[in-house]
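Undergrad: One letter stands for each residue in the lines below.
Number of protein chains: 2
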Amino acid sequence: MNIGILGTGMVGQAIGGKLSELGHNVTIGTRDVAGTLAKTERTPMGMPPYSAWQKEHPNVLLATFADAAAFGELLFNCTSGMVSLEVLKLAGEKNLGSKILVDVSNPLDVSKGIPPSLSVCNTDSLGELIQRTFPALKVVKALNTTNATVMVNPRSVANGDHSLFICGNDVEAKRAVKDLLASFGWNLDHVLDLGDITNARGTEMILPLWVRLYGLFQSPMFQFKIVR
Amino acid sequence: MNIGILGTGMVGQAIGGKLSELGHNVTIGTRDVAGTLAKTERTPMGMPPYSAWQKEHPNVLLATFADAAAFGELLFNCTSGMVSLEVLKLAGEKNLGSKILVDVSNPLDVSKGIPPSLSVCNTDSLGELIQRTFPALKVVKALNTTNATVMVNPRSVANGDHSLFICGNDVEAKRAVKDLLASFGWNLDHVLDLGDITNARGTEMILPLWVRLYGLFQSPMFQFKIVR
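Protein sequences appear in the order of chains D and S. Residue 121 in this note's numbering sits at position 36 of the first sequence, and the numbers go up by one each step. Residue 114 in this note's numbering sits at position 29 of the second sequence, and the numbers go up by one each step.
All clues stand as given, with none of them false.
Identical copies carry no separate label here, and so any pair may be met within one copy or between two of them.
Below, a list of computed lysine to any residue pairs in the SDA-like style, where the Cα atoms sit at most 20 Å apart:
{"id": "1", "residue 1": "K263", "residue 2": "L301"}
{"id": "2", "residue 1": "K197", "residue 2": "N207"}
{"id": "3", "residue 1": "K197", "residue 2": "T283"}
{"id": "4", "residue 1": "K197", "residue 2": "V168"}
{"id": "5", "residue 1": "K197", "residue 2": "D281"}
{"id": "6", "residue 1": "K197", "residue 2": "M167"}
{"id": "7", "residue 1": "K140", "residue 2": "G94"}
{"id": "8", "residue 1": "K197", "residue 2": "M130"}
{"id": "9", "residue 1": "K103", "residue 2": "H142"}
{"id": "10", "residue 1": "K174", "residue 2": "F156"}
{"id": "11", "residue 1": "K174", "residue 2": "A155"}
{"id": "12", "residue 1": "K184", "residue 2": "E158"}
Hints were generated in silico from the structure; no laboratory data involved. Bear in mind that the values here come from a model prediction, so they are computed numbers and not experimental data.
Next up, chain D with everything else stripped away, as it sits in the complex:
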């Protein structure tokens, strides 16, 4: 499948790399292609520059947000939640069309200090904001409660014995995303479909606890598991 990824960070790289490895055609979108490739210093998070990752993934293309969105039959939003709406506008409503958008982002706002708060929550969510702004898009919230490494290698924590939450308004879109998740290695018995996109409030709002557990463990290699 042709898949467009919005965002060149840790999450975009993890998902883009995995999809390419699985045989999909992947184009990653960025604001400024030449600028992204020209960076040679490590990111503020200590990651190697995108250009280093790109050299190891020659089959993955880099393009503008608009070109990546036009390229993909299915899209992933892997941008920081604080800029997701702006990026989707740059991608362009015409290019987004009525495609499936897997929304992996979280509205984490570090501007008020660490640990971050959420820029939207409680009576709304980023998933809902995106769905309302682009009503034709089939937004499926998924993978946002999970570290990038675990997203594409669920067995890297507790041998894969943990839970993933998914929600969205379109049943067929959720089915397609579950197929992709299964190809990433997720056991679909562990994927809990909460219902429509308003349930993104629930999954985005566990991020404050996620961030605190990251602090406690000094590692992002943990997962929520729902036991009954």
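Since chain D is already given, all that's left is putting chain S on it; use the hints.
TA: What follows is chain S alone, placed relative to chain D:
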């Protein structure tokens, strides 16, 4: 130990009953003692009236919020989060003193529809509000992510193999609460101490997901487990 419980609902009954069974002297506080005992109809949640429970627990005393707070060397806040601050004011700053208050409540607000939103979250929490309002009190947030049955019988879900979150500013107070949790049957290896009371933001904010999972499973008998 003499323990005061604020709130006669499902949570107050579960914790009060367990503490009494463990040999503690328990007084439960309510707004209007005669009124609470006079009720003969089931609660809006379908529970038997308090008086029926009281008959089965003759060792547990019922008193005003102020008298229950004065009685307890250690207190539990088992009221609905929307009225917790009001109840604590009725209990009286003098009676609360510098005691340990185990805050089990959540600021669930059903006035804007179901599933409920939170009346405070993100950059504040009910745990912090209570701590700020009564600075001498040693507030320990615990058990608020757990159904009442599971609180006092952790093995009732997944044979006890799940996580509990605890936070508060006073290390000695948290130690005393952990001792009580152990007496309830909690494996302390599963009790994650997140740090100071600001971490109540994290644990209260998973309630919106908890409520949605309750809807999905049509049962409150599930738990969050953190796996690594």
